[in-house]
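Asker: Next come the chains, spelled out residue by residue.
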Amino acid sequence: MVLDLPFIWAALIAFAVLAYVVLDGFDLGIGILFPLFRAKQDRDVMMNSVAPVWDGNETWLVLGGGGLLAVFPLAYAVIMPALYMPIILMLLALIFRGVAFEYRWRTRRAEFLWDYAFNWGSTLAAFCQGIALGALVQGIKVENRAYAGGWWDWLTPFSIATGLALVIGYGLLGATWLVMKTEGALAEKARSISRIAAFGTIAAMGVFSLWTPFTRPLYLERWFHGPSAAFSVIVPVLVFLCLLVILRGLKRGPDHLPFLGALGLFVLGYAGIGISFYPYIVPHAVTIADAAAPDKSLGFLLAGAVVLIPLILAYTAYSYWVFRGKVTHEDGYH
Amino acid sequence: MTLFTDAELLARLQFAFTISFHIIFPAFSIGLASYLAVLEGLWLATRNQTYLALFDFWKTIFAIAFAMGVVSGIVMSYQFGTNWSVFSDKAGPVIGPLMGYEVLSAFFLEAGFLGVMLFGRERVGPGLHFLATLMVAFGTLMSATWILSVNSWMQTPDGYAINAAGQFIPVDWWKVIFNPSFPYRLVHMVLAAYLTTALVVGAVGAWHLLKGDRDPRAKTMFSMAMAMVAVTAPLQIVAGDAHGLNTLEHQPAKVMAMEGHFDSHPDGAPLILFGLPDQEERRVDYQIAIPKLSSLILKHDLNAPLAGLDTIPDDREPPVATVFWSFRVMVGLGMLMLALGLFSLWHRLRGTLHASRALHRFALMMGPAGFVAVLAGWITTEVGRQPWTIYGLLLTSQSRSDVAAPAVAASLIAFIIVYFLVFGAGTFYILRLMKRLPQLPEQDLKDGPLRTVSLPNPAHSATRGGHHGA
Numbered sequence: 172m173v174l175d176l177p178f179i180w181a182a183l184i185a186f187a188v189l190a191y192v193v194l195d196g197f198d199l200g201i202g203i204l205f206p207l208f209r210a211k212q213d214r215d216v217m218m219n220s221v222a223p224v225w226d227g228n229e230t231w232l233v234l235g236g237g238g239l240l241a242v243f244p245l246a247y248a249v250i251m252p253a254l255y256m257p258i259i260l261m262l263l264a265l266i267f268r269g270v271a272f273e274y275r276w277r278t279r280r281a282e283f284l285w286d287y288a289f290n291w292g293s294t295l296a297a298f299c300q301g302i303a304l305g306a307l308v309q310g311i312k313v314e315n316r317a318y319a320g321g322w323w324d325w326l327t328p329f330s331i332a333t334g335l336a337l338v339i340g341y342g343l344l345g346a347t348w349l350v351m352k353t354e355g356a357l358a359e360k361a362r363s364i365s366r367i368a369a370f371g372t373i374a375a376m377g378v379f380s381l382w383t384p385f386t387r388p389l390y391l392e393r394w395f396h397g398p399s400a401a402f403s404v405i406v407p408v409l410v411f412l413c414l415l416v417i418l419r420g421l422k423r424g425p426d427h428l429p430f431l432g433a434l435g436l437f438v439l440g441y442a443g444i445g446i447s448f449y450p451y452i453v454p455h456a457v458t459i460a461d462a463a464a465p466d467k468s469l470g471f472l473l474a475g476a477v478v479l480i481p482l483i484l485a486y487t488a489y490s491y492w493v494f495r496g497k498v499t500h501e502d503g504y505h
Numbered sequence: 014m015t016l017f018t019d020a021e022l023l024a025r026l027q028f029a030f031t032i033s034f035h036i037i038f039p040a041f042s043i044g045l046a047s048y049l050a051v052l053e054g055l056w057l058a059t060r061n062q063t064y065l066a067l068f069d070f071w072k073t074i075f076a077i078a079f080a081m082g083v084v085s086g087i088v089m090s091y092q093f094g095t096n097w098s099v100f101s102d103k104a105g106p107v108i109g110p111l112m113g114y115e116v117l118s119a120f121f122l123e124a125g126f127l128g129v130m131l132f133g134r135e136r137v138g139p140g141l142h143f144l145a146t147l148m149v150a151f152g153t154l155m156s157a158t159w160i161l162s163v164n165s166w167m168q169t170p171d172g173y174a175i176n177a178a179g180q181f182i183p184v185d186w187w188k189v190i191f192n193p194s195f196p197y198r199l200v201h202m203v204l205a206a207y208l209t210t211a212l213v214v215g216a217v218g219a220w221h222l223l224k225g226d227r228d229p230r231a232k233t234m235f236s237m238a239m240a241m242v243a244v245t246a247p248l249q250i251v252a253g254d255a256h257g258l259n260t261l262e263h264q265p266a267k268v269m270a271m272e273g274h275f276d277s278h279p280d281g282a283p284l285i286l287f288g289l290p291d292q293e294e295r296r297v298d299y300q301i302a303i304p305k306l307s308s309l310i311l312k313h314d315l316n317a318p319l320a321g322l323d324t325i326p327d328d329r330e331p332p333v334a335t336v337f338w339s340f341r342v343m344v345g346l347g348m349l350m351l352a353l354g355l356f357s358l359w360h361r362l363r364g365t366l367h368a369s370r371a372l373h374r375f376a377l378m379m380g381p382a383g384f385v386a387v388l389a390g391w392i393t394t395e396v397g398r399q400p401w402t403i404y405g406l407l408l409t410s411q412s413r414s415d416v417a418a419p420a421v422a423a424s425l426i427a428f429i430i431v432y433f434l435v436f437g438a439g440t441f442y443i444l445r446l447m448k449r450l451p452q453l454p455e456q457d458l459k460d461g462p463l464r465t466v467s468l469p470n471p472a473h474s475a476t477r478g479g480h481h482g483a
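Just so you know, the protein sequences line up as chains X and Y, in that order. The opening position of the first sequence corresponds to residue 172 in my numbering, with each subsequent residue numbered one higher. The opening position of the second sequence corresponds to residue 14 in my numbering, with each subsequent residue numbered one higher.
Rather than coming from a laboratory, the hints here were simulated on the basis of the structure. Among the hints, erroneous ones may be present.
To be verified - Taking lysine to aspartate or glutamate pairs in the EDC-like style, the calculated list, with each CA pair at most 20 Å apart, reads:
(1) Y:Lys-312 to Y:Asp-276
(2) Y:Lys-305 to Y:Asp-254
(3) X:Lys-211 to X:Asp-324
(4) X:Lys-312 to X:Asp-324
(5) Y:Lys-312 to Y:Asp-254
(6) X:Lys-360 to X:Asp-215
(7) X:Lys-360 to X:Asp-213
(8) X:Lys-467 to Y:Asp-171
(9) Y:Lys-188 to X:Asp-466
(10) X:Lys-312 to Y:Asp-415
(11) Y:Lys-312 to Y:Glu-262
(12) X:Lys-497 to Y:Asp-254
(13) Y:Lys-188 to Y:Glu-262
(14) X:Lys-467 to Y:Asp-185
(15) X:Lys-312 to X:Asp-461
Take the sequences, apply the hints, and build the full model.
Answerer: Shown next as structure tokens:
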């Protein structure tokens, strides 16, 4: 075999999850920020700024889950039962906030209820995703190709902290998205929220970085010894640069700069987690090679993926292009 | 209560509940997406405003049904792992890539073009907008193709081997995808989706006609829907029959349960029309049966021998009563659909399609029949596969995650509450939209010049709002 198929697929799945995090991150973020904007007009604009794209954003989550089943079935079979509660809560939360996109335009009387559904659903989904990340980082118990822990193992101070961190991070993505996509008082308010959320996100990343190495000795090793240690020096510098980009963009524009800076923060954090995991897919328990389906499965799906993923990126970009520019209240799609 | 301590039963209930709710939405949106494409195509070809108005009317309903389908579908993609992790580990290498293709070739396509289809007509112009609608419709059909291939493989596995870790691994992808029951199931399900949608569209048209509304939209949708029912209902009966014969060949125990044949019949098996199957006593009580007809239907020979469940070990039999009854519900409704199709044809030929109140009442009554038939059909085929998840190879009892019963029970209750709340509200909104044909004025002027708007200009959209329904 010339190609290391499991490795290629690990990279593709990692890309799918990252795409999910940043894309659904900003539309979940809009939901998280909902309580800070009380005026119906503002909320209509916020919702409309993501209405044409949220569906595609969430599809990356299905690719992450479905892809894991396809190419790393063992990892899927271990992770899902281990994260049973947070995943089911996340799914239920996604239901509420997903249908809110359509329902809230179909009623006057119950509109406030679907506003709550959108806000709570988005926040809970983000929180559960953060918990899932934390639980995965701190490690899960595997015996005989199966999860061997209890159904509350995921709940620790560390996972609660990562849950909160992700809510703040998505809030930043949402706020900077609003800076980019809206104008007037709404954009001004989003600007000041972005500033606070940017510092919040940096603080959360700092706490996460200091805490993680002490959850497992392997991380400590990874972070401070060997070639990957260089990353531990570079990342803080790059994080600082991203912060400057965000702050500069907020002050002087252009309006898409803060969003790009926030994306940068997510990519950096994500890369750090990826380096800490490698070569495991379930930290300390299952490696990429262990979990991989046979090459015949990986090759079959890869043949389609190399054609379809660029196509998907192309028409997704097209869809964003169609709905480019500032969204105003008169733009109401509904 | 034993129900709350039996984790396997709870996990099965949870899957049955979440998938039953889910299938309702695709069954409707597969058909509706194609209908929307037809409506928009007709509008582009004829510039008849009725088609465009109908498109806008059904587009709003589609948006809600599709959103419900998406969120209930995301749940499905994680259900395999949360409650059925052993199955996922073992079957993942075979069915996983098929589902991966479903995501890559269908879900992204639908989601990517849905935004343009719902909100983008002014921005992209009618030609590209039509392309978006076609892509959404094509996506729903692709999705059905892949997922039915997966389900069919679980019913009639082929093209696989088993490795040292006990996993099913692909040997011949062609055989995996085009496994023996796949073509039959695909045709049967796509027809079912079209029929279901036609019945809903027909019922909405009938309702407005019964109200005395002579709106051209009501007449057009009723006429189109009845034509669709008249064509697809008989086709569906032929397809269903072929699917049944295929099942007899590959999953005989399922057909035995459908027929209620506890005993083998060496010289012609009777067709039991109705009765109460008693699996303990191994007989069908109070049965009304037509001698030898089952052999005629299944073997095309009155005296052909048919084996019964006595040839299957007791612990490898499906639950007979459920399969027996769900099958009869499906077939009974199928016959009623055929009757509706023929009745509408008769009125069409007499020129009374839009005048017959009896026909309109019948069509209104049949509005939900497609959904019930789809559910009954899926119950027949899925319960009929028991006690296996992968037929003949992996038992349901050996497929499950080792998750504590209280966790499964708690999540099941949460799903039930949330689904009834959320999808109940969605159904309410859909019904309310169906009841209200929006006013037509201005529409003609408003949508006329659209074909000239070819360059998207987000800051100065020519027309704003209003095109997403009411």
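Asker: So, for every hint listed, does it hold in this structure?
Answerer: Evaluated hints:
1. Y:Lys-312 to Y:Asp-276: Holds - the C-alpha atoms of Asp-276 of chain Y and Lys-312 of chain Y are around 17 Å apart, at most 20 Å.
2. Y:Lys-305 to Y:Asp-254: 17 Å, holds
3. X:Lys-211 to X:Asp-324: Outside the cut-off at roughly 41 Å; violated.
4. X:Lys-312 to X:Asp-324: 9 Å, holds
5. Y:Lys-312 to Y:Asp-254: 12 Å, holds
6. X:Lys-360 to X:Asp-215: 15 Å, holds
7. X:Lys-360 to X:Asp-213: Roughly 11 Å separates the two Cα atoms, so the pair holds.
8. X:Lys-467 to Y:Asp-171: 15 Å, holds
9. Y:Lys-188 to X:Asp-466: 17 Å, holds
10. X:Lys-312 to Y:Asp-415: Holds: Lys-312 of chain X and Asp-415 of chain Y sit about 13 Å apart, inside 20 Å.
11. Y:Lys-312 to Y:Glu-262: 11 Å, holds
12. X:Lys-497 to Y:Asp-254: With a Cα-Cα distance of about 56 Å, the restraint between Lys-497 of chain X and Asp-254 of chain Y is violated, given a limit of 20 Å.
13. Y:Lys-188 to Y:Glu-262: Cα-Cα ~17 Å, so holds.
14. X:Lys-467 to Y:Asp-185: Roughly 9 Å between the alpha carbons, so the hint for Lys-467 of chain X and Asp-185 of chain Y holds.
15. X:Lys-312 to X:Asp-461: This hinted pair holds, its Cα atoms lying about 15 Å apart.
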